[in-house]
Amino acid sequence: MAELPQRQTDIGPPHYEKFLPPVIKKNYGQWSYHEVLSHGHMVHTAKSGDKIWTVRVASPRLLSTTTIYEMCDVADKYCGGHLRFTTRNNVEFLVSDEKNVTPLMEDLKKRGFLLGGIGDGISNIVHTQGWVHCHSAATDASGLVKAMMDEFADYFTKTSLPARVRIAVACCVNMCGAVHCSDIALVGVHKTPPRINAETLKNQCEIPSTISSCPTTAISPDPKTKSVKIKLEKCMYCGNCYSVCPSMPIADPVNDGIAIVVGGKVSNLRSNPKFSKLAIPWIPNNPPRWPEVVAAVKTIIDTYKAGAKKHERVGEWVERIGWEKFFALTGFEFKAQHIDNFTFARETFRTTSSFKW
Amino acid sequence: MGKKYATPLLDELKKGAFPSFVTEIEKAAEKTEYARDLLGLLEQSYREKLTHWKHGGIVGVRGYGGGVIGRYSDLPDKYPGVAHFHTVRVNQPSGFYYTTAALREVMGIWDKYGSGLTNMHGSTGDMVLLGTNTESLEAIFAELSSRGWDLGGSGSAMRTPSCCLGKSRCEWACIDTMALTNEITQHFQDEMHRPAFPYKFKFKVAGCAVDCIASIARADMSIIGTWKGDIGIKQDEVANYSKTMDIQKEIIDMCPTGCMTYTGGKLSIDNSNCNRCMHCIAQMTKALSPGPERGATILLGSKAPIVTGALMSWVIVPFIKLEPPYEEFFELVGKIWEWWDEHGKNRERIGELIERMGFPTFLKGVELTPHPAMIKSPRRDPFFFWDEEDIQR
Amino acid sequence: MDIESIKKEIVALIEESMGKKKLKPGDVFKKIVEIHPGATKDNAKAALRELMDAGTLVYSYKGGSYVEMPPK
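Protein chains in written order, with the numbering used here: chain A, -1 to 355; chain B, 6 to 398; chain C, 1041 to 1112.
Don't read these hints as lab results, they were simulated from the structure.
Beta carbons are placed, not taken as given, at the ideal position from N, Cα and C, and that holds for glycine.
There could be a bad hint or two in this list.
Stated by the list, open to error - With a straight-line Cα cutoff of 25 Å, these simulated SDA-like cross-link-like pairs (lysine to any residue) come out: (1) Lys296(A) / Trp280(A); (2) Lys291(B) / Ser94(A); (3) Lys1062(C) / Pro213(A); (4) Lys1081(C) / Leu337(B); (5) Lys308(A) / Glu31(B); (6) Lys36(B) / Leu2(A); (7) Lys108(A) / Lys340(B); (8) Lys1112(C) / Asp82(B); (9) Lys1081(C) / Trp342(B); (10) Lys308(A) / Cys282(B); (11) Lys227(A) / His60(B); (12) Lys1062(C) / Asp220(A); (13) Lys1060(C) / Asp1042(C); (14) Lys1062(C) / His133(A); (15) Lys350(B) / Thr64(A); (16) Lys1070(C) / Pro206(A); (17) Lys248(B) / Gln6(A); (18) Lys54(B) / Pro244(A); (19) Lys308(A) / Trp342(B); (20) Lys227(A) / Arg268(A); (21) Lys20(B) / Lys45(A); (22) Lys23(A) / Ala106(B); (23) Lys1085(C) / Glu310(A); (24) Lys59(B) / Lys1060(C); (25) Lys200(A) / Leu80(B); (26) Lys308(A) / Gly263(B); (27) Lys1085(C) / Ala106(B); (28) Lys1071(C) / Trp344(B); (29) Lys200(A) / Met379(B); (30) Lys291(B) / Glu33(A); (31) Lys19(B) / Thr64(A); (32) Lys1047(C) / Lys54(B); (33) Lys232(A) / Glu360(B); (34) Lys340(B) / Val1051(C); (35) Lys1047(C) / Gln6(A); (36) Lys1085(C) / Glu298(B); (37) Lys45(A) / Glu31(B).
As the list claims (entries may be wrong) - Sample of chain C residues lacking proximity to chain A, with all beta carbon distances greater than 10 Å (derived): (38) Ile1043; (39) Val1051; (40) Glu1056.
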């Protein structure tokens, strides 16, 4: 291998200023307002009168260098070599010359990019690695996202909903994304306890940290095998023991599935940020297109669209109508699994006699 | 180079309107054995409904304890191209802005040493280079760092801070999120690259209460821009909005505190009762703007459900001016980390530690004064502690 | 403060711990401050950094970060 350049440590990321388009550098902190022109583009106006147009396209987040080079070609042609990514992994092309906006949008369409993601619709789905790259994935993430966004593409490109609907996918309960505060989130879940490989556990794992990893104290030492044992009735299948001890695999292709939680938000707009709550505890893992999951999410979106007031997020709509009504309207079966018996349980019990029939 | 494996299940995911990750892997498979074998391995996962990745191990670049996630396939003989498939986290520039020259530079390095696959970006914010072998890691690091790029955080360390785009393109930003994020990242390089905390610690900086970076849900320390003083009103622009919007229904009736009125074509706000939720400003951005004294609220503790349930961050500093050199802020972070270091158990996040030790104990430990903005309501039980000085002996 | 003697102590500590209880960097600092006269968290940190830079010790990850001898 050829000689390598001199490495440096502790230099941190390049300073962002190097990457800002000139109009942004000039008007930094001096923006006055913005206007959404379509689901695919918007314009920001500065106090100076300068404008910057943003054209947004979808990304699967998992991008090849080939596609990134193509995005660079487009940005070189219309954007003076400037582009950015959003916190939901969309790609934004930044245009300071209005006459480039339409040609840019046409070119992007011609190349097969999907314009959208701005305003009150469904923007890109935040998601985790899944079977593409993760050892603890109970399901795939990219495939679920693709199956859902194909179904809901119109809400990305042109059709509005009462408010933004933020969807997220986590391939296991570790939730490497903001899944627990999303309008709708899918979570890969297990239904069966981990299996102990006593032979390898001795060498691979530390018994004290394996025991302390369990939130329900279901794991205890097993002196006979110099390993651990699990009190099965206490295990809630979280898989945290597997995170610290590879000898306790929990993946179970027959019983792993997908839970759907709804009604979370992170913004403070109108109502306080909310956690997402359980709508469906388990749907079978059915790759490659998860039709049962897509259908359930569609039911939630259709019901929300029909019932919510303008600007009302999914969680605000559910709280206004009540959870009993949510189950009635969606037709989702209410089960024992919906009733909390974990850390925050007592806060969730209904302590009033008023509710809806 | 053609396909190595038949992938009938993955092929189903090339259909449809939304861009396909399978197509992306196939594009990379034109160039690399990593991506070719990833397609085979992933197809097998789709067939068996089972992941084929193992736990990470000891892998990284010399001197750093983070930035590389070790990943090995459990089928190395069948898919040798992904026997090693390590991730390199590259610290993104604040706000995720790039020039094409900068992106081409990083992608060029990645094409030389890796799979040609990326995540733009990972959940924490890093540019994620997905899939390389152990032997290439030092070379990738030398190529990146010599050109001004550094790795992000992983393990029990400060994780790569990230932010919304703030003042660069948003009229609502009450703090300079990008400057602060860059400053935090540079200030704590050692804490990021050499994991020495009980567990991970994430910073996310949002310019306003809309929180586009989801800081309140997924940062151990959430910094959210806000203001004091009166919301700016341009009545002529209010009049313009009244032509396209039912102001009474969409703004006044939806205000959570009922602090707004709209009579005779004039919008009034009782600012002393406003809780700064941003709904009216977000809907009438030409007419309304955040008040004049800008700063941030600092909240602490959010995390995903592992181990005992998800937490959202809660207020520890109701208002702080956040301007360079951020001395007061860094001092506070130092105190919090010291308290965590002293009391935290292995794999215990700061939020969980505060729950275990008690919020008042934390406040005392880091010398913060209790304030009603820190709670939703006072306690409803009669069980509380007193200090020695509160007792008559 | 003699950083070389702290480095020796850290290596001895990690050698001792291998195959028993894995130590986190924080555990190492606490232990060194306890057993080594004149050691502080800061110079223990500096010593560990030198050992890591030299490759004498390595970081590992098992649901959290630990200090270990490099794999043989």
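The hints, checked one at a time:
1. Lys296(A) / Trp280(A): Since the Cα atoms of Lys296(A) and Trp280(A) sit roughly 16 Å apart, the hinted pair holds (cutoff 25 Å).
2. Lys291(B) / Ser94(A): holds, 20 Å
3. Lys1062(C) / Pro213(A): holds, 21 Å
4. Lys1081(C) / Leu337(B): holds, 19 Å
5. Lys308(A) / Glu31(B): Answer violated: Lys308(A) to Glu31(B) is near 42 Å, above 25 Å.
6. Lys36(B) / Leu2(A): Given that 25 Å is the threshold and the Cα spacing comes to 23 Å, the pair holds.
7. Lys108(A) / Lys340(B): It is violated: about 55 Å lies between the C-alpha atoms, which goes past 25 Å.
8. Lys1112(C) / Asp82(B): holds, 23 Å
9. Lys1081(C) / Trp342(B): Answer holds: Lys1081(C) to Trp342(B) is near 14 Å, not above 25 Å.
10. Lys308(A) / Cys282(B): Measuring from Cα to Cα gives roughly 17 Å; hence the hint holds.
11. Lys227(A) / His60(B): holds, 21 Å
12. Lys1062(C) / Asp220(A): holds, 20 Å
13. Lys1060(C) / Asp1042(C): It is violated: about 28 Å lies between the C-alpha atoms, which goes past 25 Å.
14. Lys1062(C) / His133(A): Roughly 22 Å between the alpha carbons, so the hint for Lys1062(C) and His133(A) holds.
15. Lys350(B) / Thr64(A): Between Lys350(B) and Thr64(A) the Cα gap is close to 45 Å, so the pair fails against 25 Å, i.e. violated.
16. Lys1070(C) / Pro206(A): Holds: Lys1070(C) and Pro206(A) sit about 20 Å apart, inside 25 Å.
17. Lys248(B) / Gln6(A): Not OK: Lys248(B) and Gln6(A) at ~59 Å, beyond 25 Å, violated.
18. Lys54(B) / Pro244(A): Holds: Lys54(B) and Pro244(A) sit about 19 Å apart, inside 25 Å.
19. Lys308(A) / Trp342(B): violated, 43 Å
20. Lys227(A) / Arg268(A): violated, 49 Å
21. Lys20(B) / Lys45(A): violated, 45 Å
22. Lys23(A) / Ala106(B): Holds. Lys23(A) to Ala106(B) sits at ~18 Å (cutoff 25 Å).
23. Lys1085(C) / Glu310(A): violated, 51 Å
24. Lys59(B) / Lys1060(C): Holds, because 23 Å separates the two Cα atoms, which is no more than 25 Å.
25. Lys200(A) / Leu80(B): holds, 23 Å
26. Lys308(A) / Gly263(B): holds, 18 Å
27. Lys1085(C) / Ala106(B): This hinted pair is violated, its Cα atoms lying about 38 Å apart.
28. Lys1071(C) / Trp344(B): holds, 18 Å
29. Lys200(A) / Met379(B): Outside the cut-off at roughly 46 Å; violated.
30. Lys291(B) / Glu33(A): holds, 9 Å
31. Lys19(B) / Thr64(A): Status holds; Cα separation ~17 Å.
32. Lys1047(C) / Lys54(B): Given pair Lys1047(C), Lys54(B) is violated - Cα atoms ~48 Å apart, limit 25 Å.
33. Lys232(A) / Glu360(B): holds, 23 Å
34. Lys340(B) / Val1051(C): The given pair, whose Cα atoms are some 29 Å apart, is violated under the 25 Å limit.
35. Lys1047(C) / Gln6(A): holds, 23 Å
36. Lys1085(C) / Glu298(B): It is violated: about 41 Å lies between the C-alpha atoms, which goes past 25 Å.
37. Lys45(A) / Glu31(B): violated, 46 Å
38. Ile1043: holds, 19 Å
39. Val1051: Holds, because the least Cβ-Cβ distance between Val1051(C) and chain A comes to about 21 Å, which exceeds 10 Å.
40. Glu1056: holds, 15 Å
Hint violations for this structure: numbers 5, 7, 13, 15, 17, 19, 20, 21, 23, 27, 29, 32, 34, 36 and 37, all remaining hints satisfied.
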